[in-house]
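Asks: What follows is the residue order along each chain.
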Amino acid sequence: MKFSITVTLKKDVLDPQGKVVQNTLNNIGFNLKSIRQGKYFEVVVDEKDQKKAEKKVDEMCKKLLVNLIIEDYKINKL
Amino acid sequence: MKSSVIVFPGSNCDRDIAVALEKMQFKNQMVWHKETRLPKSDLIVLPGGFSYGDYLRSGAIAGKSLIIDEVIRAANDGCLVLGICNGFQILTETGLLKGTLLRNKNLKFINKNVRIKVMNNETKFSNKYKKDEVLKINIAHNEGNFFTDDNHLKELKENNLISFKYCDEKGNVDDQSNPNGSLENIAGIYNLKKNILGMMPHPERMVDKLISNTDGVNLFSSLLN
Amino acid sequence: MEITDQIIENHGLKTQEFNEIKKLLKREPNLLELGIFSAMWNEHCSYKSSRLHLKKLPTNGKQVIQGPGENAGVIDIGDNDAIVFKIESHNHPSYIEPYQGAATGVGGILRDVFTMGARPIALLNSIHFGSPTHPKTKSLLNGVVSGIGGYGNCIGIPTVAGETKFDETYNENNLVNAMAVGLAKKDKIFYSKAKGINKSVVYVGSKTGRDGIHGASMASAEFDENTEDKKPTVQVGDPFTEKLLMEACLELMKDSSIISIQDMGAAGLTSSSVEMASKGSLGVELELDKVPCREENMTPYEMMLSESQERMLIILEEGKEKDAKKIFDKWDLDFVVIGKTTNTNNLTLKFNDKIEGEIPIEALANKAPIYDRKWIRKKISKNKVELKNLKKIKIEDALLKILSSPNHSNKSWITNQYDQAVMCDTAQKSGSDAAIIRIHNKDKAIAVSVDSSANYCKSHPITGGKQTVCENWRNLISVGAKPLAITNCLNFGNPENENIMGEFAECLEGIKEACEFLDYPVVSGNVSFYNGTNKKNINPTPVIGGVGLINKLSNPMGHSFKKDKSAIIVIGKTFGHLEQSCFLKENYSIVEGMPPEINLLNEKNNGENVLKLIQEKLILSSHDISNGGLLVALSEMVFSSSFGIKILKPKKLSNLLGYFFGEDQGRYVLEIDNRNLQKVEKKLKNNNIYYEYIGNTQRDYFEIEGEMKIAVKDLCKSNNKWYNNY
Chain X
2 MKFSITVTLK KDVLDPQGKV VQNTLNNIGF NLKSIRQGKY FEVVVDEKDQ KKAEKKVDEM
62 CKKLLVNLII EDYKINKL
Chain C
1017 MKSSVIVFPG SNCDRDIAVA LEKMQFKNQM VWHKETRLPK SDLIVLPGGF SYGDYLRSGA
1077 IAGKSLIIDE VIRAANDGCL VLGICNGFQI LTETGLLKGT LLRNKNLKFI NKNVRIKVMN
1137 NETKFSNKYK KDEVLKINIA HNEGNFFTDD NHLKELKENN LISFKYCDEK GNVDDQSNPN
1197 GSLENIAGIY NLKKNILGMM PHPERMVDKL ISNTDGVNLF SSLLN
Chain B
-7 MEITDQIIEN HGLKTQEFNE IKKLLKREPN LLELGIFSAM WNEHCSYKSS RLHLKKLPTN
53 GKQVIQGPGE NAGVIDIGDN DAIVFKIESH NHPSYIEPYQ GAATGVGGIL RDVFTMGARP
113 IALLNSIHFG SPTHPKTKSL LNGVVSGIGG YGNCIGIPTV AGETKFDETY NENNLVNAMA
173 VGLAKKDKIF YSKAKGINKS VVYVGSKTGR DGIHGASMAS AEFDENTEDK KPTVQVGDPF
233 TEKLLMEACL ELMKDSSIIS IQDMGAAGLT SSSVEMASKG SLGVELELDK VPCREENMTP
293 YEMMLSESQE RMLIILEEGK EKDAKKIFDK WDLDFVVIGK TTNTNNLTLK FNDKIEGEIP
353 IEALANKAPI YDRKWIRKKI SKNKVELKNL KKIKIEDALL KILSSPNHSN KSWITNQYDQ
413 AVMCDTAQKS GSDAAIIRIH NKDKAIAVSV DSSANYCKSH PITGGKQTVC ENWRNLISVG
473 AKPLAITNCL NFGNPENENI MGEFAECLEG IKEACEFLDY PVVSGNVSFY NGTNKKNINP
533 TPVIGGVGLI NKLSNPMGHS FKKDKSAIIV IGKTFGHLEQ SCFLKENYSI VEGMPPEINL
593 LNEKNNGENV LKLIQEKLIL SSHDISNGGL LVALSEMVFS SSFGIKILKP KKLSNLLGYF
653 FGEDQGRYVL EIDNRNLQKV EKKLKNNNIY YEYIGNTQRD YFEIEGEMKI AVKDLCKSNN
713 KWYNNY
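Residue numbers (my numbering), protein chains in the order written: chain X, 2 to 79; chain C, 1017 to 1241; chain B, -7 to 718.
Don't read these hints as lab results, they were simulated from the structure. Remember, predicted model here, so these are calculated numbers, not experimental data. There may be inaccurate statements among the hints.
Taking lysine-lysine pairs in the DSSO-like style, the calculated list, with each CA pair at most 30 Å apart, reads [claimed, not checked]: (1) B:Lys555 / C:Lys1128; (2) C:Lys1114 / X:Lys40; (3) X:Lys40 / B:Lys128; (4) X:Lys64 / B:Lys713; (5) B:Lys436 / C:Lys1039; (6) B:Lys246 / C:Lys1056; (7) X:Lys11 / C:Lys1124; (8) B:Lys157 / C:Lys1128; (9) C:Lys1124 / B:Lys157; (10) C:Lys1121 / X:Lys75; (11) C:Lys1018 / C:Lys1050; (12) B:Lys130 / X:Lys12; (13) B:Lys128 / C:Lys1128; (14) B:Lys128 / X:Lys56; (15) B:Lys48 / B:Lys359; (16) X:Lys40 / X:Lys12; (17) C:Lys1124 / B:Lys393; (18) X:Lys11 / B:Lys282; (19) C:Lys1128 / B:Lys474; (20) X:Lys40 / C:Lys1121; (21) B:Lys403 / C:Lys1128; (22) C:Lys1121 / B:Lys130; (23) C:Lys1121 / X:Lys63; (24) C:Lys1210 / C:Lys1144; (25) C:Lys1121 / X:Lys3; (26) B:Lys130 / X:Lys11; (27) B:Lys128 / C:Lys1121; (28) B:Lys314 / X:Lys34; (29) C:Lys1186 / B:Lys554; (30) C:Lys1152 / B:Lys554; (31) X:Lys63 / X:Lys11; (32) B:Lys318 / C:Lys1080; (33) C:Lys1039 / B:Lys246; (34) B:Lys705 / C:Lys1186; (35) B:Lys180 / C:Lys1039.
Anything over 12 Å on all C-beta distances counts as not near chain B; from chain X, calculated [claimed, not checked]: (36) Leu33; (37) Lys49; (38) Glu60; (39) Lys78.
Where a beta carbon is used, it is the ideal one built from N, C-alpha and C, also for glycine.
Please build the complete structure, drawing on both the sequences and the hints.
Replies: Below, the structure is given as structure tokens:
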């Protein structure tokens, strides 16, 4: 079963990368209000039961993929 | 000989290269990235550091700055261009050099002295070195792992465009002496016309016997030759 | 909003403190004002538990330009050059988010240095973790080291020295102390004292977010089961912006536009504005709606307490705003006039033209309660270690056990993650007694080192305090530098505990005594209390950062053996003190007894003579003897060179283990070319310096006559073993 995980910085946390990318895009001529940088993972788990698979992916996020102190995450089935 | 060192926000090794150039009798100018015109130069240097914090991708943002168009124009006209470390990364992002610098294999920043072998000693940058000479030189990077596609690799080999390879003290090019996982231990490359050199190690850190050694001196002497 | 008891407690204030605030204001504070008091009156900003004791430290000397009380300390190194330096802790944030905690620690200390007009030229750190087997240690270690490297490397300042220690005392409370050293012109030092009325108060740097609100209060609270909930207070560092900020400030400092400048560190806008106004005996009025914010709808409370990084507050000369703004525009940084100095002596906070809070500056800066906390002296341990009852051990086995232990193993896997060579003035890197940084474009250089001895301090705080200063002093002497001054970071547990407070008071007594005797004053520093979890406190860990001067740098003096068949002598007498030693800890898990005695007279004499010998170019390599004793010091000299040694068995002492592993103080190992040996011995005899010729260097083997012989290769292997397996 395949899932996507999108990891983003929590709302109030500073995103130094997003800040610089935004300025650069503005300088090249794009006008945007904001941009925040995150990470994207695609995971394939060996599990036929969707609920069980999601639980596994969720554990992966909590244990390794996501820094729970400053990041949020969303899991989607693909 | 006249040199211009381009300074981006976040460049750190600009002072270091300026000191080395002046020591080697270059007439040097610092050029801020917001300038739209380059002073008349025989050599343009893109220094090491963390331009734009290495945010997004190392060298990606610097590659889009105003002054880069001038650098590209000058390079295409045959001006000599030297990109060191972050400078090398910027050169690949602009397309002046093909290939890319990926994260070090062990995923950590590495700062240490390594050995590199002079693969081509017949260019404007290397004529004062002996063929296969082994140099002791400092590296300091997080993304120094050179990678490129098969076509480019073929081109590099067929045209003798690989400038330096990581090796051991005796000049053996092997896995053990490769600090960052670079394809075929490549530490630096030229473009087809051989007027642009991109290298990860820092020659400007090797011009002072008291601090390190003088293995970098001949790179600058070659240019003056 | 009504101020309830719960709100007062949440702000980290005690009831008496709240009552004191009411008295000073002659009314109840509103929430904004309460927040400001809580930030200025917490331990981290007010030093309420430590001030009385810190006053005792020696802070003067002809080499001192500025002692404690400013953003950093300043010393004179001649030629109109000055060195600006300080060490600071970032312990609690590093436990919660190790990468960012360590990174922002580095960022904060750098700002303290360049705010005074000094270009930072070196970074050092002293980091302490729990036992390697503790579940959190590995991730904390990786996070902290990456964070330090990530910030320092990006901003382009070499991280040249430090120490990394493991001990179960730090299991739930790791320590991260970051030190920065900068170079300035003596006649161009910038201070934080505001001067003049109606001068512009300018905000420069990053925008303000909700980061770290109440971080200063967090630093003053112990961890407990609820610590995990404190997560949102962690700040994220942006070293790229700090590099821009540093360059912009240094550029502005080239002329005389700046009256005073301060970085926004703990308690951000609050502490910087209050401290600048207080020093100048002025008032300050801020229009908070002008503060550049990165989040929407920020309240005055949030703006005043935010600890967003990479921001400075500047008081500018009249008419200089336009030119100054040009510089900050060049570097793409915010530059906004957010207020002015006044003669009201109040901190007046306006938001959209309405006064939201008004507090007398003095109440915030100087009326924080000063506590004379009760403390008790440490009782001298009666436990003696009976060596004869210990299981027999071979010298070689004992040595290998120490060398392969986490605390002694080769740390290049850490230091290789730091760029040590950027700026091209690093003449000697990590791994030596002290790093050596050449002063740019000049012949002279400074030596820097950072040291601590928590185990000694735990067993006998006065001696531990003295010893830490002496070891730091010796480390500078060993590289041929004249020690000039120190900065200290005092990491302790809960000061409301009499024993902990006693450790603090007594360590300071020891530090004071050693500093006075050695003419080695304290010019800056930081106190970190409440390093404890659930009533368990860390061992007292004062960390000393020292700076010394090398007048003419020819060849950096290191501790690698240079030649074959050169003579090795030990300066200072070896009595064989094994209590509290690495030998006992690593081989028998015994941590007992008293630390080795300090004889300050010997320290001074031995050190001054070693320095003279080095300056007269009679020494090939030198090393101070500390943890692990003589054999460990000799091993370290072997590792970094390509030579081994042959040591003669000592004739007089019967206890060989004591001789080789004893941690007696005031000693150095010197390698001397045989041709110079007589000359050196004569000089030592003339100055009544006790010394012993113990053997000579040789190729390939580490040998003690009749006791052990091991190939140097194998010795190195055991020293590299631990990390590879971890």
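Asks: Checked against the structure, which of the hints given earlier come out wrong?
Replies: Violated hints: none; all satisfied.
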